[in-house]
Amino acid sequence: MGLYNNYLKHKWLMLLRNGGIAFILIAFALATIFPIYFMIISSFGDPVEAGAMSYELFPKKISFDSYKFFFDYSKYSYTWLLNSLIMASAITVSNVLFASLAGYAFSKIQFKGRNFLFFMLLCAMMIPYQVTQVPLYILIVNIFNLQNTYTALIAPSLVTVYNIFLSKQFMTSIPNEILESAKMEGCNQFQIYWKIIAPLSKTVMAVMAILTFMDTWNTFFWPFLVTNTMDMQTIQVGLKNFKFANTTYFAPMMAGATISALPMFILFFSLQKYFLEGVTVGAVKG
Amino acid sequence: MIQTVKPSTKKRKIKGDSVWGYTFIAVALLVFAMFTAYPVVSAFIISFQEYKPLGSTWVGLENYKDTFASELFWKSIKNTVIYTILTVPFALFISFAVAIMIIPFKKWLQTTFKAVYYLPAVASGVALSVVWLWIYDPMKSGIFNKVIGLFGIENQNWLGSSATAMLSLVIMSWLSSHGTSIIIYLAALLGIDNSYYEAAELDGANFFHKLWYIVIPFLKPTTLFLLVTGIIGSFQVFQNAYLMTGGGPDHATTMVGLLIFNNAFTYFEFGQASAQSLILAVIIAVISLIQFKFLGNDVEY
Chain A
95 MGLYNNYLKH KWLMLLRNGG IAFILIAFAL ATIFPIYFMI ISSFGDPVEA GAMSYELFPK
155 KISFDSYKFF FDYSKYSYTW LLNSLIMASA ITVSNVLFAS LAGYAFSKIQ FKGRNFLFFM
215 LLCAMMIPYQ VTQVPLYILI VNIFNLQNTY TALIAPSLVT VYNIFLSKQF MTSIPNEILE
275 SAKMEGCNQF QIYWKIIAPL SKTVMAVMAI LTFMDTWNTF FWPFLVTNTM DMQTIQVGLK
335 NFKFANTTYF APMMAGATIS ALPMFILFFS LQKYFLEGVT VGAVKG
Chain B
19 MIQTVKPSTK KRKIKGDSVW GYTFIAVALL VFAMFTAYPV VSAFIISFQE YKPLGSTWVG
79 LENYKDTFAS ELFWKSIKNT VIYTILTVPF ALFISFAVAI MIIPFKKWLQ TTFKAVYYLP
139 AVASGVALSV VWLWIYDPMK SGIFNKVIGL FGIENQNWLG SSATAMLSLV IMSWLSSHGT
199 SIIIYLAALL GIDNSYYEAA ELDGANFFHK LWYIVIPFLK PTTLFLLVTG IIGSFQVFQN
259 AYLMTGGGPD HATTMVGLLI FNNAFTYFEF GQASAQSLIL AVIIAVISLI QFKFLGNDVE
319 Y
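Chains as they are written, first to last, in this note's numbering: chain A, 95 to 380; chain B, 19 to 319.
Just chain A, same shape as in the assembly (with noise of 0.2 Å):
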């Protein structure tokens, strides 16, 4: 029983029926991972600048040297990777740590004015980016004169509403008594993160980390907006610049992309538990 009709007159139809929509389905799955594995592919051909292209699905040889030359463009491109690495690592560490505190004392914690202050919050998730980025761009560059610095690429983002919101929600299940018996057996409202909240809320933490990871590596207009040197760029940025000073070099570009991605990818593959059940946890209320 269910949405399907399982009871079929013939097992013919059913495998039909089936054997159709999957097809439909695997269709678009490839549709949907073609440019991916086009990146991928490409990726191995040799850096020549493409004059009349001919475009390979399947690779006649793998070779390496479209890295060396997209690493050979400049001194700084292993920077770049280091760079998104501490960015992003940072960002992380930061919003799983402050945002998990704020929802916790969102959810939990009685004091003055909170539900004014949680309902700002929430109303600032509607303001589009476009309205702060301007402002925020004349605080980090001309008044704290911040630019090329990892506290530009940093600061902004150590605590983002959407994540306090997603603990918030999350902690908010969890039962009051345990709480009230650890307060009764003399722990501080701290003592109570560290020793229960915080154990129960792995999994919100896991994907909040996750999640807030993979955004930062990805993001591409912040760092472009307040780094002006080589050394302080990520690879996105890295990435963009190579794009623009090397238009014909195909193959290198490809590399490029792949290098900016794969971290991604191997990640995704590795917790992709945790990716998927990141996408429902803030969206389905409950």
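For the record, the hints were derived by calculation from the structure and aren't laboratory data. No experiment lies behind these values; they were computed from the predicted model shown. One or more of the hints may lead you astray.
A few chain A residues that face chain B, going by a derived Cβ cut-off under 8 Å, partial list only [unchecked claim]:
no., residue
1, R208
2, M324
3, F359
Simulated pairs of lysine-lysine, DSS-like, Cα-Cα distance not exceeding 27 Å [said to hold, decoys possible]:
no., chain 1, residue 1, chain 2, residue 2
4, B, K125, B, K238
5, B, K96, A, K296
6, A, K202, A, K277
7, A, K105, B, K125
8, B, K164, A, K337
9, A, K206, A, K154
10, B, K158, A, K155
11, B, K228, A, K367
12, B, K158, A, K154
13, B, K164, A, K155
14, A, K105, B, K228
15, A, K337, B, K158
16, B, K93, B, K83
17, B, K311, B, K238
18, B, K238, B, K228
19, B, K228, B, K124
20, A, K154, B, K164
21, A, K105, B, K93
22, B, K83, B, K96
23, A, K367, B, K124
In this text, a Cβ means the ideal position worked out from N, Cα and C, and glycines have one as well.
With chain A held as given, fit chain B onto it using these hints.
For chain B alone, coordinates are given in the frame of chain A:
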């Protein structure tokens, strides 16, 4: 005796707790105040000024007047609306259909499909735009030209001609941004209790009856959520346009987000950009309100 003691300890406990409460949200609040609240207020002020690093001049409503008088602004609004209409409802429909089709399969197959559909969301926008740039190679040998060649369509200068540039961005979005909504739809679908279908079957309902009378009403909150977030997101989108077409040719792909970005960081017209971003914020707020009004009577978050 007990009764007199209890309230006082309770009071003290709450008082102690609120200190903890404020401590726990301190960093979050500080970051919020500095990097969100202050910029919003500041954006209002800047929008009434002509910004100069050393002393801006007050120009009143000039920036707003200029914006409303600018042809390019209206064109960018039009482009944004077209892009949104072509991408958001279509993506929702695809995601819904795919989610429905995934349901009859076994758990591991469902997960595999979910993972594959989600994969483009994992890759960075810059990487994807680099790849799609080559897929849209205008030469005869370009991948996309070969594909449409199979259907007997002549090769096109996809990103280079104003007739097809927008369509190119739309197709790219169709094929790379449905993963999230498929997963969300699927989760909602799995949340529908089987007893509803069983009851419907007893009444002789077929697949389409069940789809129409059970699934669609049940998924209405999900659809509304995806629609609202999709439209809000789509109105701010400009990364692909920026990286692939730069808003051209002939401003055919200049969306509001890109216009604001260019005004701010290419021409350094901070005042103008702030005014436009606030107009964008108002438009987004109005659209969201309308959607909630018409679709959201029974939706709770």
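Evaluated hints:
1. R208: holds, 7 Å
2. M324: violated, 16 Å
3. F359: holds, 6 Å
4. B:K125 <-> B:K238: Holds. K125 of chain B to K238 of chain B sits at ~24 Å (cutoff 27 Å).
5. B:K96 <-> A:K296: Cα-Cα ~45 Å, so violated.
6. A:K202 <-> A:K277: holds, 13 Å
7. A:K105 <-> B:K125: holds, 21 Å
8. B:K164 <-> A:K337: holds, 24 Å
9. A:K206 <-> A:K154: Status violated; Cα separation ~68 Å.
10. B:K158 <-> A:K155: holds, 24 Å
11. B:K228 <-> A:K367: violated, 30 Å
12. B:K158 <-> A:K154: With Cα atoms ~22 Å apart, K158 of chain B and K154 of chain A stay inside 27 Å; holds.
13. B:K164 <-> A:K155: holds, 23 Å
14. A:K105 <-> B:K228: holds, 22 Å
15. A:K337 <-> B:K158: The hint holds at about 22 Å.
16. B:K93 <-> B:K83: The hint holds at about 16 Å.
17. B:K311 <-> B:K238: holds, 14 Å
18. B:K238 <-> B:K228: holds, 15 Å
19. B:K228 <-> B:K124: Within the cut-off at roughly 21 Å; holds.
20. A:K154 <-> B:K164: Within the cut-off at roughly 20 Å; holds.
21. A:K105 <-> B:K93: violated, 56 Å
22. B:K83 <-> B:K96: holds, 18 Å
23. A:K367 <-> B:K124: Given pair K367 of chain A, K124 of chain B holds - Cα atoms ~16 Å apart, limit 27 Å.
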